[in-house]
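Residue numbers (the numbering used here): 1 to 174.
Read the hints as simulated data drawn from the structure, not as lab findings.
Note that CB positions come from ideal geometry on N, CA and C, so glycine has one too.
Be aware that a few hints might be false.
Unchecked claim - The calculated label-pair distances, taken between Cβ atoms and stated as ranges, are:
{"#": "1", "residue 1": "Val89", "residue 2": "Ser110", "range": "27 to 37 Å"}
{"#": "2", "residue 1": "Arg48", "residue 2": "Glu19", "range": "27 to 37 Å"}
{"#": "3", "residue 1": "Ala47", "residue 2": "Gln20", "range": "49 to 59 Å"}
{"#": "4", "residue 1": "Thr35", "residue 2": "Ala66", "range": "39 to 49 Å"}
{"#": "5", "residue 1": "Lys21", "residue 2": "Ser46", "range": "15 to 25 Å"}
{"#": "6", "residue 1": "Pro5", "residue 2": "Glu39", "range": "13 to 23 Å"}
{"#": "7", "residue 1": "Gly78", "residue 2": "Thr35", "range": "49 to 59 Å"}
{"#": "8", "residue 1": "Gly78", "residue 2": "Ala47", "range": "39 to 49 Å"}
{"#": "9", "residue 1": "Tyr115", "residue 2": "Trp156", "range": "31 to 41 Å"}
{"#": "10", "residue 1": "Leu60", "residue 2": "Ile81", "range": "26 to 36 Å"}
{"#": "11", "residue 1": "Ile164", "residue 2": "Leu119", "range": "48 to 58 Å"}
Said to hold, decoys possible - Capping the alpha-carbon separation at 20 Å, the derived lysine to any residue pairs in SDA-like fashion look like this:
{"#": "12", "residue 1": "Lys21", "residue 2": "His45"}
{"#": "13", "residue 1": "Lys69", "residue 2": "Phe80"}
{"#": "14", "residue 1": "Lys166", "residue 2": "Gly155"}
{"#": "15", "residue 1": "Lys166", "residue 2": "Ala154"}
{"#": "16", "residue 1": "Lys21", "residue 2": "Gln4"}
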Amino acid sequence: MNHQPFEDWMLADQAMTAEQKRQLQTHLRMCTRCTALAEVNLALHSARLVAPASGFVDRLQVRLAAQRKTQRQRNFWGFFILVISVMAVLLWLGWPLLAAVYNSPAEILSAWLSYLLALWFSLQALGEAGTVLLRVVPALVPPYFWALIAFAFAGWSLMWVFSIWKFARITQGV
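Just need the whole structure built from these sequences, with the hints factored in.
Dropping the structure here:
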């Protein structure tokens with residue numbers, strides 16, 4: 001037996017239709033579980049609300065003010081520690097650069113030139129390795145695999161186009 005709609009009707013604070021009331025009464029005559037739930041719900045709704053103890057509101061406001069003050073202090077110290085930590089990391093990472101600033105301009109220029117030359121020669125070596133791979137790999141891979149790669153790329157491209165078409169539709173008018 002499905003109790004869920006009847007439980008929802010009993011526990012909701014909304015007015016029920018006449019048909020819902022009739023179905024609920026019929027169900028309550030047959031189901032002891034829902035009858036017990038209805039009795040508990042009725043007892044809870046008929047209970048008298050007790051007024052808070054004297055001074056409760058004042059104590060609550062004092063406690064909330066203390067919690068807010070503690071939270072502000074935590075936020076301040078957390079932010080302070082974060083700023084100090086970031087500054088320490090930046091100083092640690094930037095120390096070689098700061099040390100280079102105090103060196104002569106000729107040393108800085110020669111260091112930059114050596115870095116640029118190393119980058120240039122590394123890119124040349126990578127380019128030559130790439131051309132060797134482009135000459136060797138096509139001979140090792142069978143043609144049907146290249147066709148499979150081309151079809152997969154075409155399928156992904158088609159899915160990409162359709163997804164952009166579907167999600168980027170601009171509605172016209174009002």
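**OP:** Would you pick out the hints that fail for this structure and give their numbers low to high?
**Re:** 3 and 11
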